[in-house]
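Trainee: Chain by chain, the residues run as shown.
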Amino acid sequence: MRKRPLLTAVALPLALVLAPALGAGGAAAEELVAYEVVEGAIPASLTGVPGDPEAGKAAAVHRQKGNCLACHAMPIPDQPFHGEVGPDLSAVGSYLSEGELRLRLVDSKKINPETSMPGFYKVEGLHRVAEKFRGKPILTAQEVEDVVAYLLTLKGN
Amino acid sequence: MRRIGIVLAAAGLISVAGAGVAYTDSIDWGTYQVGDKRSGYTYAQPETRAMQDDDFENPGFLLMDQAATLWETPDGAAGKACVGCHGDVESLAGVGATYPVYFEPWGKMMTVEQRINQCRTEGMKADPWKWESDEMLGMTALVKHQSRGMPVNVSIDGPAKPFYEKGEAFYYERRGQLDLACANCHMDNAGLQLRANTLSQGMPNGFPTYRLKWQKVGSLHRRLRGCNDQVRAEPYERGSDEYVNLELFIMHRANGLPVETPAVRN
Numbered sequence: 000m001r002k003r004p005l006l007t008a009v010a011l012p013l014a015l016v017l018a019p020a021l022g023a024g025g026a027a028a029e030e031l032v033a034y035e036v037v038e039g040a041i042p043a044s045l046t047g048v049p050g051d052p053e054a055g056k057a058a059a060v061h062r063q064k065g066n067c068l069a070c071h072a073m074p075i076p077d078q079p080f081h082g083e084v085g086p087d088l089s090a091v092g093s094y095l096s097e098g099e100l101r102l103r104l105v106d107s108k109k110i111n112p113e114t115s116m117p118g119f120y121k122v123e124g125l126h127r128v129a130e131k132f133r134g135k136p137i138l139t140a141q142e143v144e145d146v147v148a149y150l151l152t153l154k155g156n
Numbered sequence: 000m001r002r003i004g005i006v007l008a009a010a011g012l013i014s015v016a017g018a019g020v021a022y023t024d025s026i027d028w029g030t031y032q033v034g035d036k037r038s039g040y041t042y043a044q045p046e047t048r049a050m051q052d053d054d055f056e057n058p059g060f061l062l063m064d065q066a067a068t069l070w071e072t073p074d075g076a077a078g079k080a081c082v083g084c085h086g087d088v089e090s091l092a093g094v095g096a097t098y099p100v101y102f103e104p105w106g107k108m109m110t111v112e113q114r115i116n117q118c119r120t121e122g123m124k125a126d127p128w129k130w131e132s133d134e135m136l137g138m139t140a141l142v143k144h145q146s147r148g149m150p151v152n153v154s155i156d157g158p159a160k161p162f163y164e165k166g167e168a169f170y171y172e173r174r175g176q177l178d179l180a181c182a183n184c185h186m187d188n189a190g191l192q193l194r195a196n197t198l199s200q201g202m203p204n205g206f207p208t209y210r211l212k213w214q215k216v217g218s219l220h221r222r223l224r225g226c227n228d229q230v231r232a233e234p235y236e237r238g239s240d241e242y243v244n245l246e247l248f249i250m251h252r253a254n255g256l257p258v259e260t261p262a263v264r265n
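Protein sequence lines, in the order shown, are assigned to chains X and Z.
For what it's worth, numbering that gives the first Met the number 0 labels the leading residue of the first sequence as 0, then goes sequentially.
For what it's worth, numbering that gives the first Met the number 0 labels the leading residue of the second sequence as 0, then goes sequentially.
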C-alpha cells in the first residue's frame, strides 16, 4: 500500500480552508484527504488503495453518487437515457491519464472554472448546500479511486 | 495542461454541436417561440403537448372549474366574493401576463398568489389561502388563464429594477453540492438531455402547471424548490422574497412568449 502524500504547499491552504467548514458541518463530515495538483493532474492516489473498476462503474451509475449518466454517454447499454451535457466518455481512458481523470473528478473547476461538471470531492467554495449534504463530498475518496479505475478501462472500440 | 485544455475545448464543441441536432429544433413552433426564446412546450414530448392542447384532457381545467365556483362564493367576515368587486373573471384578461408587479404598500414585488391573498385578507376579511392549496392553485390558474395566448409582458422599470437585479443575481449564482446555477442548465445546456429530461430554457409562462411527475397542478415556486433540491441546495420558502424576485427575472426573460396557464409538463 502506497503512503498518502504529505500535506504539500498546495494542499495546506486547502486544508486550512476546509477546517472551519468541517467544524460547522458537524461530526458526520468526513475529513477530506489533501492532494497535490501537478500540471493538470492529481498524480497520487487519494487513498493508496487501488481502485476497483466494477465498484467504480456502480458508483458512476448510481443516481445518488456519481450519476454521471445524467450528463454523459457511457458504454453502459443496459442503462437507458444517457445525458448530453458533457462529452461521451466511451474512450476517455485512452486520452486522459489516471491523474488527469482524478483531477477532473475531484474538482473539475480547477481545469475549467466555467464547467457545469460538479466537483465530486470538494466541500469548500460551495453556496447554500442543503443541510443534509453540508460538509460532505459527493463521492468518498475511495469511490473517486474506483471511478478513476473504471474510466481507465474505457478505451473505445 | 495545455493539451487538456485543447481536448476539453474540443469536447465542448461537440456537446454544443449536439444541441443543434435535437429534432425539436427543426419544427416551426409558431407563437411558442419568439426569436431564441422557446417555451417549455417546444421541448415537451408530443403526448404531453397533446394533453395541453386539449382542454378536456388537461387536468388543470378541473381545478379552474372549482376556482370559478369560489370566484362567486362569499367568504370571510366581510361577506364578500371576488365577483362582487371584480365582476366577471374575464375582466382580469391581461393581468396575469404582467405579474409580478411592484406593490407600493409593501415596497416590494407581488405575485398573483400574493395579490389574491391580499384581496382575501384586506377586502374580504378572510383567511389567506396556503400557497400550494387547491384553492390558491386553482384561483391563480384561473386568473392567469384569462391571459392565455397573450404575450408575457412584465415590467422591470422604475421601482421593480432593484428586485429584478436580485433575481438576476440569483439566477447566475451557483448553489448546492452540485454547484450549478439556473443558467448552467437552462441557458448553457437548453435542448440537451439531462438523463431522461430534455433541458428547456426554464420558462415560467405556463404556471401553475400540471406536471405528470407530480400527478397534480403545482405552483412555480414548487418547481423552483425542485430545481434547488436537485442540485442539493437549500430551497427557499414559497412566496419568499428570493423566489418572488427570481420569478420577476424569469418572467421578464419570458416576455413575448404566450401565457399558457395551465400548461402540461413532464
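FYI, nobody ran anything at the bench for these hints, they're computed from the structure.
Treat the hints with caution; some may be incorrect.
[As the list claims (entries may be wrong)] Think about it this way: if two alpha-carbon atoms lie no more than 25 Å apart in a straight line, the pair counts; the simulated BS3-like pairs of lysine-lysine are:
hint, chain 1, residue 1, chain 2, residue 2
1, X, Lys131, X, Lys108
2, Z, Lys79, X, Lys64
3, Z, Lys79, Z, Lys124
4, X, Lys131, X, Lys64
5, X, Lys108, X, Lys121
6, X, Lys131, Z, Lys212
[Said to hold, decoys possible] So the derived label-pair ranges between C-beta atoms look like this:
hint, chain 1, residue 1, chain 2, residue 2, range
7, Z, Gly122, X, Glu30, 51 to 61 Å
8, Z, Asp156, X, Lys154, 27 to 37 Å
9, Z, Asn265, X, Gln78, 11 to 21 Å
10, X, Val37, Z, Gly106, 50 to 60 Å
11, Z, Gly157, X, Glu113, 31 to 41 Å
12, Z, Asn152, X, Glu113, 27 to 37 Å
13, X, Val37, Z, Asp133, 54 to 64 Å
14, X, Glu130, Z, Gln214, 23 to 33 Å
15, Z, Trp213, X, Ala54, 47 to 57 Å
16, X, Asn111, Z, Glu89, 27 to 37 Å
17, X, Asn111, Z, Ser25, 43 to 53 Å
18, Z, Ala182, X, Gly155, 47 to 57 Å
C-beta atoms are modelled at their ideal positions from N, C-alpha and C, and glycine is treated no differently.
Trainee: Take the hints in turn and mark each one as holding or not.
Mentor: Hint-by-hint comparison with the structure:
1. Restraint check for X/Lys131 and X/Lys108: satisfied, since their Cα atoms lie roughly 23 Å apart, inside the 25 Å limit.
2. Between Z/Lys79 and X/Lys64, the direct Cα distance comes to roughly 54 Å. Violation of the 25 Å bound is thereby established for this hinted pair.
3. For the proposed pair Z/Lys79 and Z/Lys124, the alpha carbon gap of about 9 Å is at most 25 Å, so the pair holds.
4. Proposed proximity of X/Lys131 and X/Lys64 is supported: the alpha carbons are some 14 Å apart, at most 25 Å.
5. Simply put, X/Lys108 and X/Lys121 have alpha-carbon atoms about 11 Å apart, close enough for the 25 Å limit, and the pair holds.
6. Between the alpha carbons of X/Lys131 and Z/Lys212 the distance comes to roughly 24 Å, so the proposed pair stays at or under 25 Å and holds.
7. Hint check: Z/Gly122 to X/Glu30, Cβ distance near 58 Å, so the stated range 51 to 61 Å holds.
8. A hinted range of 27 to 37 Å is violated for the C-beta pair Z/Asp156 and X/Lys154, which are about 58 Å apart.
9. Distance hint for Z/Asn265 and X/Gln78: a CB-CB separation of about 20 Å, consistent with the stated range 11 to 21 Å.
10. A beta carbon spacing of about 54 Å between X/Val37 and Z/Gly106 agrees with the range 50 to 60 Å that was offered as a hint.
11. A beta carbon spacing of about 34 Å between Z/Gly157 and X/Glu113 agrees with the range 31 to 41 Å that was offered as a hint.
12. The supplied range of 27 to 37 Å is met by Z/Asn152 and X/Glu113, whose beta-carbon atoms lie about 33 Å from each other.
13. Distance hint check: the CB atoms of X/Val37 and Z/Asp133 are about 59 Å apart, consistent with the given range 54 to 64 Å.
14. For X/Glu130 and Z/Gln214, the Cβ-Cβ distance of about 28 Å falls inside the hinted range of 23 to 33 Å, so the restraint holds.
15. With their beta carbons about 35 Å apart, Z/Trp213 and X/Ala54 fall outside the hinted range of 47 to 57 Å.
16. At about 53 Å, the CB distance of X/Asn111 to Z/Glu89 disagrees with the hint of 27 to 37 Å.
17. For the pair X/Asn111 and Z/Ser25, the beta carbons lie near 31 Å from each other, so the given range of 43 to 53 Å is not met.
18. The hinted range of 47 to 57 Å is not satisfied by Z/Ala182 and X/Gly155, whose Cβ atoms lie roughly 33 Å apart.
Consistency note: the structure conflicts with the earlier hints numbered 2, 8, 15, 16, 17 and 18.
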